[in-house]
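**Q** Protein chains in written order, with our numbering: chain A, 1 to 413; chain B, 414 to 721.
Heads up, some of the hints might be wrong.
Stated by the list, open to error - No farther apart than 35 angstroms at their CA atoms in a straight line, the calculated lysine-lysine pairs in the DSBU-like style are these:
1. A/Lys398 with A/Lys185
2. B/Lys512 with B/Lys588
3. B/Lys663 with B/Lys460
4. A/Lys185 with B/Lys510
5. B/Lys426 with B/Lys579
6. B/Lys510 with B/Lys588
7. B/Lys510 with A/Lys4
8. A/Lys185 with B/Lys512
Rather than coming from a laboratory, the hints here were simulated on the basis of the structure.
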Amino acid sequence: MTRKLVTGNSAAAWGARLAGVDYIPAFPITPQTEIIEDLAAWIDRGEMDARLVTLESEHSMITAAGSAASSGVRAFTATSSQGLLYGMEMIYTVAGWRTPFVLVNVSRGLASPITLESDHNDIMAARDSGFVQIHCATCQEIADGVLLAYRLAEHPQVRVPAIVNLDGFYLSFTREPVDLADASKARAFVGEYDPENLQFRGNSPLSQAMAVLGGGPYSYFRYQAHLALQQALAVYDEIADEFAEIFGRRYQMIDCYRMEDAEYVFVMLGSFSTKARDAVDSLRAAGWKTGLLRPRLFRPFPQAQIRQLLQGRRAVAVIDQNISMGMGGVLHSEFTSALYGTGDAPLVASYIGGLGGRNISQQEFFAIANELEQAYEEGAAPPPRLLYTEEELTEMRKLQAIAQAEHAQIHHN
Amino acid sequence: MTRQSTLHFHRMKDMPSSHLLGTGTPMCAGCGGLETLHTLYDILGDKTVFVNAAGCMTLLSVYPFTPFRGGWLYTAMASAPAGAQGVRDAVDILLQKHKLQADEDVEVVVITGDGAAYGMGLSATSAAMDRKLDFIYLCYDNEGYGNTGQQYSAATPHAAITSTSKGSRGYPGYKKDLFSIWAAHNPAYVATVIAAEPLDLAKKIEKLQSLSGPRMLISLAPCPTGWDYDPQLSVEIGRLAVQTGVWPLKEFIDGELRHTRVPKQRKPVDEYLKLQGRFRHLFEPRYDSGAIAEIQARIDEYWARVVS
């Protein structure tokens with residue numbers, strides 16, 4: 001095992017290298033590009049035995065990843081944001097091919113307006129595609145998450161592609177010390193790629209991705225994919241146990257921080273949850289029994305585990321770094337849906353924060369804790385909140401004033 | 414892959430006498446695209462993986478049946494060449510790592526209609542040629558979005574009635590010159606073909622088998638349903654497309670353009686147009702001499718450049 005100081009992007013590239021991938025269809029996009037640059041450099045220097053091909057779009061890139069995995073090689077690819085959306089037709093399509101490979105998504109806000117910073121609306125758009133989703137909060141989790149993702153995707157009871165998600169800038173460009181698995185141990189853990197029945201070759205007829213006629217066969221194949229993802233929950237635990245035995249790090253499908261006796265719970269995905277972790281410590285120091293719950297596995301969604309972990313708590317704040325226009329936070333909907341109708345369910349409050357990399361301050365976490373306590377005392381969840389401060393609004397007004405002044409100037413001339 | 418062709422197509426009896434592609438597909442009677450595919454498949458053989466884009470031929474393989482003896486992968490409308498890239502690269506990697514034996518190698522063939530080739534898939538096709546992908550691309554060009562009921566596409570000829578150009582003058586645009594666009598990429602091979610001229614088609618397939626890299630075919634595909642004529646006329650209309658000079662048979666190889674069939678006495682374009690319902694408005698209720706003269710003039714202009 002080597003300990004190295006690497007960025008989240010580099011950790012993702014290391015994950016692919018350690019998994020022994022054969023094939024990398026690529027396309028650049030900020031903030032993901034460093035992943036494919038690292039891989040290309042290793043291949044050029046002969047440190048990695050793989051083939052990297054730059055396609056002309058993410059749509060083509062995802063097609064090539066799926067068709068290569070359907071032809072018997074282990075494939076890896078990466079994208080972000082607009083790229084994930086550009087390739088979205090193929091995200092759904094290759095998931096239906098039931099072809100295992102791993103895609104790393106570096107989350108970034110979606111246009112419009114266009115931005116480069118972190119946000120989860122991109123990855124939420126892939127929510128219903130049939131990909132497994134593993135969400136990471138540290139660089140260590142990214143490198144390890146790629147290895148786990150291959151095992152899960154290629155498992156005989158699963159056989160679907162997987163996305164490993166990390167946050168742009170917060171993780172992609174942040175260096176953290178990472179224990180890189182010993183190459184031979186990593187290869188032994190991931191194993192050889194078994195294409196099962198997916199392999200085009202001469203003398204062997206194979207049809208992939210054929211049309212079906214009617215809702216009967218269509219529903220059958222769609223249900224099969226859904227059931228395979230549900231099976232991935234149990235399979236995940238087996239694989240995570242095996243990983244822990246070899247590498248000493250156990251990745252629960254739901255990461256819990258100071259949850260033992262927590263009365264008020266923050267729920268978040270990804271690296272922004274580390275802000276909540278700090279807030280939990282501060283609030284605990286001030287006598288509040290708070291905790292943090294972070295789903296690492298988002299698809300399949302661990303509903304039963306969530307119910308079990310949240311039963312009997314006083315109130316839960318789901319802080320979404322995404323927004324479903326006209327509805328609200330996606331994670332909030334999923335949590336309320338998981339908890340509805342279960343006895344002793346906590347009150348669930350919705351907060352939107354961290355869009356486009358917007359910070360969530362410690363004061364905001366304290367205010368949320370206050371609201372949770374009040375909600376518990378009143379016995380009703382507060383209305384959903386869009387986090388935004390007076391100061392931010394003042395700054396926004398200044399930008400608008402400049403825009404209006406410039407506009408007036410142009411029209412005056 | 415060893416590409417030693419033992420076939421020599423001099424006369425009709427040299428053509429394969431039976432078809433590899435199974436019967437009973439849902440293609441229309443008289444489909445000109447299917448005829449080209451038959452010849453291509455018969456000559457290439459079953460060690461072939463077809464990578465298909467959304468179009469009429471999507472329906473060749475419908476679960477649980479396939480007419481193919483080899484491989485078939487359906488992708489999406491825009492990215493069949495990228496699908497071919499993944500298959501080709503994977504097979505090459507496996508051959509290199511001795512996980513596949515040489516005799517398990519495959520020829521990767523993209524098949525798309527003109528909707529994908531002339532429009533949505535052009536970027537992926539261009540990039541596959543940039544990368545010198547070793548593959549064959551067959552575009553069956555029936556001059557419209559046939560699978561959705563023949564709306565006009567960038568391949569639709571001037572004045573044709575389609576389901577989105579039903580006005581008295583038909584489609585106002587002009588057919589895009591995809592052959593030249595492809596040739597500008599300087600791939601290993603580009604050719605126009607038509608099933609109604611099977612020897613020309615077979616010779617071109619034989620030639621592309623001896624090459625590697627991007628090998629591109631555009632087959633004009635007479636289409637009874639989209640062009641509105643009796644299916645039994647498909648071959649005759651195909652021949653007339655060549656004899657009138659509407660569809661020049663040509664190839665581009667090593668930077669050189671060559672016409673493989675130069676009609677000595679070109680028939681008037683009327684003979685081609687009048688058999689098709691999509692051009693009936695040029696003949697009924699009265700003969701539209703202006704429109705037909707314009708179509709004829711464009712053909713003459715083309716051939717004047719070729720022959721001079």
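**Q** Could you tell me which of the numbered hints above are not met by this structure, giving the numbers in increasing order?
**A** 1, 2, 5, 6
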